[in-house]
Amino acid sequence: MNRMGFSDGLLLYGILGREQALSNEELVSKVKSALAGGCDIVQLREKNIDSATYYHRALLLREVTREAGKKLFINDRLDIAMAVEADGVHLGQEDLPLSQARKLWPKGLIGITVRDATMARKAELAGADYVGAGPVFAPFSKQLADKPMGYEGLQEIRNHVRIPVFAIGGFDATNIEGLKTTGIQGVATIAALFAQDDPQKNAVELKKLLS
Amino acid sequence: MQQKNFPKPLWIVTNRHLAGPFFLEKIAEIVQEKPSALILREKDLPPQELYELAVQVKKITEQSDTALIINSSVEVALAVQADGVHLGQGALKPAVVRSLLKTQQWLGLSVHTWEDIDNLSEQDREALDYLLLGNIFLTDCKAGKKGLGLEELSRFTSASPWPVVAIGGIDSYNGALTLRHGAKAIAIMSSAMTTQMPAKTLRDLKKSLLSFSDSY
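Residue numbers (the working numbering), protein chains in the order written: chain A, 6 to 216; chain B, 280 to 495.
By construction, these hints were calculated from the structure, which means they are not laboratory data.
Since this is a predicted model, take the numbers as computed values, not measurements.
Every residue gets a Cβ at the ideal spot worked out from N, C-alpha and C, and that includes glycine.
Among the hints, erroneous ones may be present.
So the derived label-pair ranges between C-beta atoms look like this [stated by the list, open to error]:
{"hint": "1", "chain 1": "A", "residue 1": "Asp203", "chain 2": "B", "residue 2": "Glu401", "range": "36 to 44 Å"}
{"hint": "2", "chain 1": "B", "residue 1": "Gly299", "chain 2": "A", "residue 2": "Glu161", "range": "39 to 47 Å"}
{"hint": "3", "chain 1": "B", "residue 1": "Gln360", "chain 2": "A", "residue 2": "Asp55", "range": "24 to 32 Å"}
{"hint": "4", "chain 1": "A", "residue 1": "Asp55", "chain 2": "B", "residue 2": "Glu401", "range": "19 to 27 Å"}
Sample of chain A residues with no beta-carbon within 12 Å of chain B, all distances over it, derived [what the hints assert, rightly or not]:
{"hint": "5", "residue": "Glu24"}
{"hint": "6", "residue": "Thr58"}
{"hint": "7", "residue": "Ala73"}
{"hint": "8", "residue": "Arg120"}
{"hint": "9", "residue": "Glu129"}
{"hint": "10", "residue": "Pro153"}
{"hint": "11", "residue": "Gln160"}
{"hint": "12", "residue": "Glu161"}
With a cut-off of at most 30 Å between alpha-carbon atoms, the simulated DSS-like pairs for lysine-lysine come out as follows [unchecked claim]:
{"hint": "13", "chain 1": "A", "residue 1": "Lys108", "chain 2": "B", "residue 2": "Lys337"}
{"hint": "14", "chain 1": "A", "residue 1": "Lys112", "chain 2": "B", "residue 2": "Lys372"}
{"hint": "15", "chain 1": "B", "residue 1": "Lys381", "chain 2": "A", "residue 2": "Lys76"}
{"hint": "16", "chain 1": "A", "residue 1": "Lys52", "chain 2": "B", "residue 2": "Lys287"}
{"hint": "17", "chain 1": "B", "residue 1": "Lys287", "chain 2": "B", "residue 2": "Lys479"}
{"hint": "18", "chain 1": "A", "residue 1": "Lys152", "chain 2": "A", "residue 2": "Lys112"}
{"hint": "19", "chain 1": "A", "residue 1": "Lys213", "chain 2": "A", "residue 2": "Lys75"}
Put together the whole structure using the sequences plus the hints.
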């Protein structure tokens, strides 16, 4: 157990935004579907969106995830995460500094994206509750800016921190089983869950491969 | 309405692209003239950079009684413990932002017509402390956009339950007139950002506003 409240076992962490679900109806139905299939955590991740719309979509997912008893994270925006009473916020390198976010939101969970063990250790010391480590493989959902770290890089990160590590980037049914021996907390994915039509079916398959 | 003292009569709105390479130096020169409030409005900066800039600007504004108001980014305003947040169109709704702020922090909204107010919910209205109304006169930053004019400003300020800060084309010739038409404060952006002599620009403007201060 840790501050995230999770016990052992690999978790499925689904990430989506307008690229995966343009309308609000689609957003709600895709997340409901993924949760029904066993998705454990949801992150709303919107880029280039006005704040009012981001807030509104976050509020919709707060209802859906609360009903399902699952955790909701908001990407980038601490204020929106706080305002909708999400469980946490996921911060990238251009966002509000972790130390500041930690101070402003003691009860909120904070996840940080990291590329290597040094960054992961730094995030842990600054009070992060988990790290998203990646890209492990070349992601399907976005242009590749960073070199994939592979299982070796992931293992290295895992060995340097005590907080949960979520692997991100380029996972699908063909390579996800390898994660079982890495000792990480779970896998975060956009494409493997939401790129195709049936998030519930995708979630069921991925969870089966992870168990 | 709040019991705190509304910052008046002169507000500054920043734009580092207009200010040139020595942005912080310029802000320091401006703040030495003790404007009542400064809105840090740097829309294109990612949160981390805006936060770092806001920390620097706050070090300057706390030297005087200038209230530091952060445009749009509530999280940065919270992180630097700014004196307020200013919201534009598309920003988080006032009631949502209010729930994150302390009572003594100012919360304002940019408006252009009375319709912008009609669109607000009851909760949003209650959450607001002031309005920023513009543009009053013709201005370079809203090229081709006819000003609202002083009559419209009068109508607006008489109907508004909130103090109105007027912006857009205001200078030392029309500043006092703007206050006389009901604005609680005036705000300037480009003239403060582009001037080579911030102290003189601010002093001239403040002096011109003094002619109104008796009845105010």
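Hint by hint, here is what the structure shows:
1. Asp203/A - Glu401/B: 36 to 44 Å: Since the Cβ atoms of aspartate 203/A and glutamate 401/B sit about 42 Å apart, the hinted range of 36 to 44 Å holds.
2. Gly299/B - Glu161/A: 39 to 47 Å: Since the Cβ atoms of glycine 299/B and glutamate 161/A sit about 45 Å apart, the hinted range of 39 to 47 Å holds.
3. Gln360/B - Asp55/A: 24 to 32 Å: 26 Å, holds
4. Asp55/A - Glu401/B: 19 to 27 Å: 22 Å, holds
5. Glu24: With a cut-off of 12 Å, glutamate 24/A remains clear of chain B, as the shortest Cβ separation is near 20 Å.
6. Thr58: 8 Å, violated
7. Ala73: 24 Å, holds
8. Arg120: 16 Å, holds
9. Glu129: 19 Å, holds
10. Pro153: 25 Å, holds
11. Gln160: 29 Å, holds
12. Glu161: 26 Å, holds
13. Lys108/A - Lys337/B: The given pair, whose Cα atoms are some 18 Å apart, holds under the 30 Å limit.
14. Lys112/A - Lys372/B: 24 Å, holds
15. Lys381/B - Lys76/A: 27 Å, holds
16. Lys52/A - Lys287/B: 37 Å, violated
17. Lys287/B - Lys479/B: 19 Å, holds
18. Lys152/A - Lys112/A: 34 Å, violated
19. Lys213/A - Lys75/A: Status holds; Cα separation ~19 Å.
Against the hints set out earlier in the document, violations occur for numbers 6, 16, 18.
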